[in-house]
Amino acid sequence: DVLMTQTPVSLPVSLGGQVSISCRSSQSLVHSDGNTYLHWYLQKPGQSPQLLIYRVSNRFSGVPDRFSGSGSGTDFTLKISRVEPEDLGVYYCLQSTHFPYTFGAGTKLELK
Amino acid sequence: EVKLVESGGGLVQPGRSLKLSCAASGFSFNDYWMGWVRQAPGKGLEWIGEINQDSSTINYTPSLKDKFTISRDNAQNTLYLQMSKLGSEDTAIYYCARELSYWGQGVMVTVSS
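Heads up: the protein sequence lines correspond to chains R and H, in order. Under the working numbering, the first residue of the first sequence is numbered 1, with each subsequent residue one higher. Under the working numbering, the first residue of the second sequence is numbered 1, with each subsequent residue one higher.
Bear in mind the hints are in silico, worked out from the structure with no lab data behind them. The structure presented is a predicted model; accordingly, all values stated were derived computationally and were not measured. Certain hints may be false.
[Unchecked claim] Under the rule of at most 27 Å between Cα atoms (straight-line distance), these lysine-lysine pairs were calculated in the BS3-like manner: (1) R:LYS112 with H:LYS43; (2) H:LYS3 with R:LYS44; (3) H:LYS43 with R:LYS79; (4) R:LYS44 with H:LYS43.
Put together the whole structure using the sequences plus the hints.
This is the structure in structure tokens:
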């Protein structure tokens with residue numbers, strides 16, 4: 001299975017600040033079709049996960065441009081600028097290039 | 001509005017079976033892959049598997065392939081997860097998802113005697 005390593009585990013932030021979350025995979029996530037199937041989710045407390053970014057850098061419907069994704073191959077980053085209270089929760093990366101699909105262990109974004 | 005509502009969860013004894021349902025609305029169900037993801041209490045997310053539009057392709061995470069069966073009824077706009085030989089390790093919230101883009105609110109399954 002592809003191992004997805006997310007860092008940091010916990011990320012204290014001040015409102016209005018900027019943060020980055022890293023996600024590294026144990027093998028390249030470039031699919032034979034040329035796409036890279038790396039996605040980012042936010043799970044707010046007591047809620048189901050919600051898709052933020054799909055295929056590395058595409059914002060899902062309704063996601064503010066404060067969220068941006070980048071990376072290639074095995075190394076990916078989610079950046080959140082001007083952090084707002086509704087951004088707090090656990091962020092997960094997911095790879096759906098290789099079976100079985102695998103998630104990172106999560107990064108908890110919390111207030112300083 | 002895309003809506004996914006899981007049901008069928010609850011308390012089940014070890015070794016028994018349980019079937020979850022996911023009722024879909026707000027979109028053309030038979031145009032999309034559907035899947036299941038679970039989350040043990042206080043833990044991360046685990047992908048269970050997915051099924052294509054006409055049920056001709058079903059993919060599972062290998063560790064669950066012999067225990068879990070995914071199916072769908074396009075006439076009823078419903079996705080299913082049949083779980084057998086349940087153990088305490090299967091205690092989790094089970095989410096259905098449309099192509100991992102839209103998720104339901106989840107249903108709790110507790111395996112305990």
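Can you give the numbers of the hints that this structure goes against, from lowest to highest? none
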